[in-house]
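Participant: Here is how the chains run, residue by residue.
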Amino acid sequence: MSDLILTKRMNAHPGDSHTLSRYLDTGGYVALRKALFDMSRDEITAEVKASNMRGRGGAGFPMGVKWGFLAPATPRYLVVNCDESEPGTFNDRQLTERDPHQLLEGIIISSYALGVKHAFVYIRGEYPKSARRLQRAADEAREAGYLGESIQGSDYSLDLTIHLGGGAYICGEETALLNSLEGRRGEPRLKPPFPAVEGLYAKPTIVNNVESIANVPWIIENSGAAYAAIGPERSAGMKMVSVSGHVNKPGNYEIELGMTWRDFIFDVAGGIRDGLELKAWIPGGASAPWFVPEVHLDTPFTIDDVASNGSMLGAGAVIVMDENTNVVAAAHRLVYFFADESCGQCTPCREGTTWLADVLKRILDGHGRPEDIDLLLSISESISPGLKWPPMMTTICPLGPSAVSPITSITRWFRPEIEAMISGSEVSDV
Amino acid sequence: MTQAISHWSQANQERAAKILEAYPEPRSAIMPLLYVASLEHEYVSLDAMTEVAGLTGVTPAQVQSVASFYTMFKRKKAGTYLISVCTSISCYLMGADEVLEAVEQESGCHHGEVSSDGSFSVEHVECIGACGGAPAVQVNYELVEGITPATGQKLIEWLRSTRPEVVLADEMQQLFGGQRSFDWGSTEPEGAIAPVPAFGPYGSAGTDS
Numbered sequence: 106m107s108d109l110i111l112t113k114r115m116n117a118h119p120g121d122s123h124t125l126s127r128y129l130d131t132g133g134y135v136a137l138r139k140a141l142f143d144m145s146r147d148e149i150t151a152e153v154k155a156s157n158m159r160g161r162g163g164a165g166f167p168m169g170v171k172w173g174f175l176a177p178a179t180p181r182y183l184v185v186n187c188d189e190s191e192p193g194t195f196n197d198r199q200l201t202e203r204d205p206h207q208l209l210e211g212i213i214i215s216s217y218a219l220g221v222k223h224a225f226v227y228i229r230g231e232y233p234k235s236a237r238r239l240q241r242a243a244d245e246a247r248e249a250g251y252l253g254e255s256i257q258g259s260d261y262s263l264d265l266t267i268h269l270g271g272g273a274y275i276c277g278e279e280t281a282l283l284n285s286l287e288g289r290r291g292e293p294r295l296k297p298p299f300p301a302v303e304g305l306y307a308k309p310t311i312v313n314n315v316e317s318i319a320n321v322p323w324i325i326e327n328s329g330a331a332y333a334a335i336g337p338e339r340s341a342g343m344k345m346v347s348v349s350g351h352v353n354k355p356g357n358y359e360i361e362l363g364m365t366w367r368d369f370i371f372d373v374a375g376g377i378r379d380g381l382e383l384k385a386w387i388p389g390g391a392s393a394p395w396f397v398p399e400v401h402l403d404t405p406f407t408i409d410d411v412a413s414n415g416s417m418l419g420a421g422a423v424i425v426m427d428e429n430t431n432v433v434a435a436a437h438r439l440v441y442f443f444a445d446e447s448c449g450q451c452t453p454c455r456e457g458t459t460w461l462a463d464v465l466k467r468i469l470d471g472h473g474r475p476e477d478i479d480l481l482l483s484i485s486e487s488i489s490p491g492l493k494w495p496p497m498m499t500t501i502c503p504l505g506p507s508a509v510s511p512i513t514s515i516t517r518w519f520r521p522e523i524e525a526m527i528s529g530s531e532v533s534d535v
Numbered sequence: 006m007t008q009a010i011s012h013w014s015q016a017n018q019e020r021a022a023k024i025l026e027a028y029p030e031p032r033s034a035i036m037p038l039l040y041v042a043s044l045e046h047e048y049v050s051l052d053a054m055t056e057v058a059g060l061t062g063v064t065p066a067q068v069q070s071v072a073s074f075y076t077m078f079k080r081k082k083a084g085t086y087l088i089s090v091c092t093s094i095s096c097y098l099m100g101a102d103e104v105l106e107a108v109e110q111e112s113g114c115h116h117g118e119v120s121s122d123g124s125f126s127v128e129h130v131e132c133i134g135a136c137g138g139a140p141a142v143q144v145n146y147e148l149v150e151g152i153t154p155a156t157g158q159k160l161i162e163w164l165r166s167t168r169p170e171v172v173l174a175d176e177m178q179q180l181f182g183g184q185r186s187f188d189w190g191s192t193e194p195e196g197a198i199a200p201v202p203a204f205g206p207y208g209s210a211g212t213d214s
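Read top to bottom, the protein sequences are chains C and S.
Taking this note's numbering, the leading residue of the first sequence gets 106, the next gets one more, and so forth.
Taking this note's numbering, the leading residue of the second sequence gets 6, the next gets one more, and so forth.
In short, the hints are calculated from the structure, not lab data.
Hints should not be assumed to be uniformly reliable.
Unchecked claim - The list that follows gives simulated cross-link-like pairs (lysine-lysine, BS3-like), each with its CA atoms no further than 30 angstroms apart: (1) S:Lys159 / S:Lys82; (2) C:Lys354 / S:Lys159; (3) C:Lys222 / S:Lys23; (4) C:Lys113 / C:Lys139; (5) C:Lys154 / C:Lys139; (6) C:Lys154 / C:Lys354; (7) C:Lys308 / S:Lys159; (8) C:Lys466 / C:Lys493; (9) S:Lys23 / C:Lys466.
Said to hold, decoys possible - Quick look at which bits of chain C chain S covers, simulated, 3 or more residues with Cβ under 8 angstroms: (10) 189-196; (11) 393-405.
Claimed, not checked - Pairwise CB distance ranges, derived in the manner of DEER restraints: (12) S:Gly62 / C:Thr365: 15 to 23 angstroms; (13) C:Ala164 / S:Pro29: 23 to 31 angstroms; (14) S:Gly100 / C:Asp445: 16 to 24 angstroms; (15) C:Arg247 / S:Gly113: 44 to 52 angstroms; (16) C:Arg247 / S:Thr192: 23 to 31 angstroms.
This one's a predicted model, so the numbers in the text were calculated from it and none came from an experiment.
The beta carbon of each residue, even a glycine, is placed where N, CA and C say it ideally should be.
Start from the sequences, fold in the hints, and give me the full structure.
Facilitator: If you want it as structure tokens, here you go:
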């Protein structure tokens, strides 16, 4: 197991890892000085590209490649996505609350490399402590000459604005986030144009996740090659994984990918609580198709192995369910989330997610009908034709197709359980 | 293009001016200004939306379309203490529905309602990023993790009897919380002064007055 990158300081110094004095005392802002005075902008970008880091926000797109798409026009913007709202994820919260200077240094280096003079951090409204800690860090950094005018006496200046969201999951989608940051409804935009060409205020914009940017100081200090050498080739680097549900040791773990799911769930996360059996788990947040112990325990925990088994690592949220879990109720809870959070632009998502939630509720309430499983699959098919993974899109963004994952999961792995609930039902006109 | 809102409190006028300075385009200030307007008017009233429109150079209808999209802009007066109970998947698996029931019973109001004395409003909300410390609730968006039906009920009793002016997450966590998503580290000095996220530029108490 490699050394920790992102959580090293907060583990060693729990009392003050968020302060500038502790940050400086533990090697902070060394990478920034190296970037400003010893490296060209292209050299910084080349190191990030060489790290092979795949964006940590969920899509897994290589960060350096994304940076390469930034159009030449100015002004241009860096927007850091801290709208962490995928059910099961809470690692950006820890990174911002516990080590805000690490993120800030990543923002300053990245902005310098990208030729950005004004960066934004979009933090979900339910994370006021993250915003306060990052704002205080920015104030301290400005005072000490790491942010603002002529950083460390160089000719580089950077402004930073922290923006709180208003409670909308969809704003984690990068174009919805940009609309929201512009003071509009958080509705995703059609792509192309991609944000790197026409983003915030229709200017070239890079949107990166908190965890991705927080890795940048380490990469600059230690080299992209050193980062790429950690873990499996196509899942390079350390990954923050949030685990929740029926495990003995829920929490965030910064791990090297490549271990089996068995090792992760039973060793890292401490196994299933109360001595119960594992029934199923979601490997990558609410949007991801479920895994089951009979099939997936020895599957390696990597981006590509999870994908080739029909699911995704997403933003790194593992949700574990024990043998007593009512899978129809769990699926209903997940689908209800998507129905609640649908922005309403696209009919298949707006209507489909609500119908899925209603049919699941009917089964749960003891009014299921024999045709309901087929009905669930038929509605799902209308949202995501072919029910493939990754899903075929009928919508502007992936929210609608994500709502289908719980349906395909429970009908594939737990069909007899749903049938039993339905056969015990009283048919009604609900 | 923009006009000052002279009847706002001095503190809120200053907040609004700073927020407008923080963005290249004034329209981006709509959401932050809606939070400040909620402090001024106790909720996002029609007057508040009209004032924000004036500050940002858009029409009141445009502000209303933004305000109505996001769940955290309350367009009716909330209780002094807004209790948000997370009922998304991880909290659900750990017993959130029972926590919600206990909170509703003790506060006397159901989802979307305000208690008769105006002290509480209760809502069930989607994931608040506290899954490792499930089930979790927020009071005026300040977090308590590892709550149970019994401690949830005690939390409401405590709010009713002590009526804290500043809602502090660490204080509530210590009194009523349990399992956390992660080690919170040192105590956080700032907290909420209203059912609005406590962030200095939008209004909070502690290091910011």
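Participant: State for each hint whether it applies.
Facilitator: Verification of the hints:
1. S:Lys159 / S:Lys82: Roughly 24 angstroms between the alpha carbons, so the hint for lysine 159 of chain S and lysine 82 of chain S holds.
2. C:Lys354 / S:Lys159: At roughly 26 angstroms apart (the allowed maximum being 30 angstroms), lysine 159 of chain S and lysine 354 of chain C satisfy the hint.
3. C:Lys222 / S:Lys23: Holds, because 19 angstroms separates the two Cα atoms, which is no more than 30 angstroms.
4. C:Lys113 / C:Lys139: holds (21 angstroms)
5. C:Lys154 / C:Lys139: Answer holds: lysine 154 of chain C to lysine 139 of chain C is near 18 angstroms, not above 30 angstroms.
6. C:Lys154 / C:Lys354: Roughly 35 angstroms between the alpha carbons, so the hint for lysine 154 of chain C and lysine 354 of chain C is violated.
7. C:Lys308 / S:Lys159: With Cα atoms ~51 angstroms apart, lysine 308 of chain C and lysine 159 of chain S exceed 30 angstroms; violated.
8. C:Lys466 / C:Lys493: Holds, at roughly 25 angstroms.
9. S:Lys23 / C:Lys466: This hinted pair is violated, its Cα atoms lying about 47 angstroms apart.
10. 189-196: With 7 residues close enough to chain S, the hint holds.
11. 393-405: The restraint on the stretch 393-405 of chain C is violated, since only 0 of its residues have a Cβ under 8 angstroms from chain S and three are required.
12. S:Gly62 / C:Thr365: 15 to 23 angstroms: violated (57 angstroms)
13. C:Ala164 / S:Pro29: 23 to 31 angstroms: holds (27 angstroms)
14. S:Gly100 / C:Asp445: 16 to 24 angstroms: Holds, at about 20 angstroms.
15. C:Arg247 / S:Gly113: 44 to 52 angstroms: holds (47 angstroms)
16. C:Arg247 / S:Thr192: 23 to 31 angstroms: About 24 angstroms separates the Cβ atoms of arginine 247 of chain C and threonine 192 of chain S, which means 23 to 31 angstroms holds.
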